[in-house]
Amino acid sequence: MRGPATAHVGKPPKGAQARVVVPFEDNRHLNRLLGEYDGHLALLEERLGIEARAHGNVVTLTGPAEACATAREVLEKLYARIGRGEDISAGDVDGLLRHSKDAKPDNRDDIPQIRTRRRVITARTPNQSHYIRALDQSDLVFGLGPAGTGKTYLAVAHAAQCLERGEVERIVLSRPAVEAGERLGFLPGDMKEKVDPYLRPLYDALYDVLPPAKVERDLISGVIEIAPLAFMRGRTLSHAFVILDEAQNSTSMQMKMFLTRIGEGSKMAVTGDPSQIDLPPGQKSGLEHAVGLLRGVKGIEAIRFESGDVVRRDLVARIVEAYDKAGNSK
Numbered sequence: 011m012r013g014p015a016t017a018h019v020g021k022p023p024k025g026a027q028a029r030v031v032v033p034f035e036d037n038r039h040l041n042r043l044l045g046e047y048d049g050h051l052a053l054l055e056e057r058l059g060i061e062a063r064a065h066g067n068v069v070t071l072t073g074p075a076e077a078c079a080t081a082r083e084v085l086e087k088l089y090a091r092i093g094r095g096e097d098i099s100a101g102d103v104d105g106l107l108r109h110s111k112d113a114k115p116d117n118r119d120d121i122p123q124i125r126t127r128r129r130v131i132t133a134r135t136p137n138q139s140h141y142i143r144a145l146d147q148s149d150l151v152f153g154l155g156p157a158g159t160g161k162t163y164l165a166v167a168h169a170a171q172c173l174e175r176g177e178v179e180r181i182v183l184s185r186p187a188v189e190a191g192e193r194l195g196f197l198p199g200d201m202k203e204k205v206d207p208y209l210r211p212l213y214d215a216l217y218d219v220l221p222p223a224k225v226e227r228d229l230i231s232g233v234i235e236i237a238p239l240a241f242m243r244g245r246t247l248s249h250a251f252v253i254l255d256e257a258q259n260s261t262s263m264q265m266k267m268f269l270t271r272i273g274e275g276s277k278m279a280v281t282g283d284p285s286q287i288d289l290p291p292g293q294k295s296g297l298e299h300a301v302g303l304l305r306g307v308k309g310i311e312a313i314r315f316e317s318g319d320v321v322r323r324d325l326v327a328r329i330v331e332a333y334d335k336a337g338n339s340k
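Residue numbers (this note's numbering): 11 to 340.
A portion of the hints provided could be inaccurate.
[What the hints assert, rightly or not] Ranges between beta-carbon positions, derived for each pair: (1) Leu-304 <-> Ser-231: 30 to 38 Å; (2) Glu-35 <-> Asp-334: 44 to 52 Å; (3) Asp-146 <-> Gly-95: 17 to 25 Å; (4) Ala-100 <-> Gly-309: 32 to 40 Å.
What the hints contain is simulated information worked out from the structure, not anything from laboratory work. All C-beta atoms in this analysis are idealised placements derived from N, C-alpha and C, irrespective of residue type, glycine included.
The task is simple: from the sequences and hints, build the whole structure.
In structure tokens:
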């Protein structure tokens, strides 16, 4: 299937007005391109300050020339994804718009993806692109930043991709069993039932990127293992993708213990939000300490996410920004 006819021209003068007509050859894909009730066009209008109208197999863009050029680029890339059989959503529109603001052309034109049996996950911000590339290229990657930036979800998705490609033999997911500022008291049940509440976000991510039946089989067989950080001591994890989530709640000694578990043929991702430490008073987090200590070490990368990388929804980003401002003003 051929894509829309395009004419690649130089960047239009700032402030110039334009009327751009974008034709699409395959009408079968237009409903998905435009979104329910033309919702994707509405998002382009809101974010770019343009007018976008669909008629037949043509989308007409009217407004500032630079914004129209961006909208055209977004529509063409979405159309290409549909042609490859990918599902698209408003989040994909938002992701392309965020990348369009990146000053580095390579980051705009080559947005990395993670492919699992159940999902194709495309980076939605430039920092997510840096993160996915780091997970591809480095043996140990730190992902630091606020909630909703995708640091844990992308790490789990990348681990699932590596497992399905045969690049690793198993996945090991871990978290410190630290309560988030409240006392839960005695938890009934066996050891698994006691620690499962702390590890539930990791289960949620797994079930989203892999078929539920496969997750269940792999959990039973040990191909996927989910365990609290305390269970990592004394082990060597070889040919595995190992993830430590909520790492801000590990001490320096626990972090050293965990990082030295990495064995032959393994990769490791460590994620956490340094602004949400739930350790008892007097205990320092090992996350920032490890990032600073290992800066510049070959094979290790650290990616820092910001409030602008929040993809959960706009309200979460505004909440994070408000807390950041309050913290900075103290």
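Each hint tested on the structure:
1. Distance hint for Leu-304 and Ser-231: a CB-CB separation of about 33 Å, consistent with the stated range 30 to 38 Å.
2. A beta carbon spacing of about 46 Å between Glu-35 and Asp-334 agrees with the range 44 to 52 Å that was offered as a hint.
3. A beta carbon spacing of about 23 Å between Asp-146 and Gly-95 agrees with the range 17 to 25 Å that was offered as a hint.
4. At about 37 Å, the CB distance of Ala-100 to Gly-309 agrees with the hint of 32 to 40 Å.
The structure meets every hint from the earlier list without exception.
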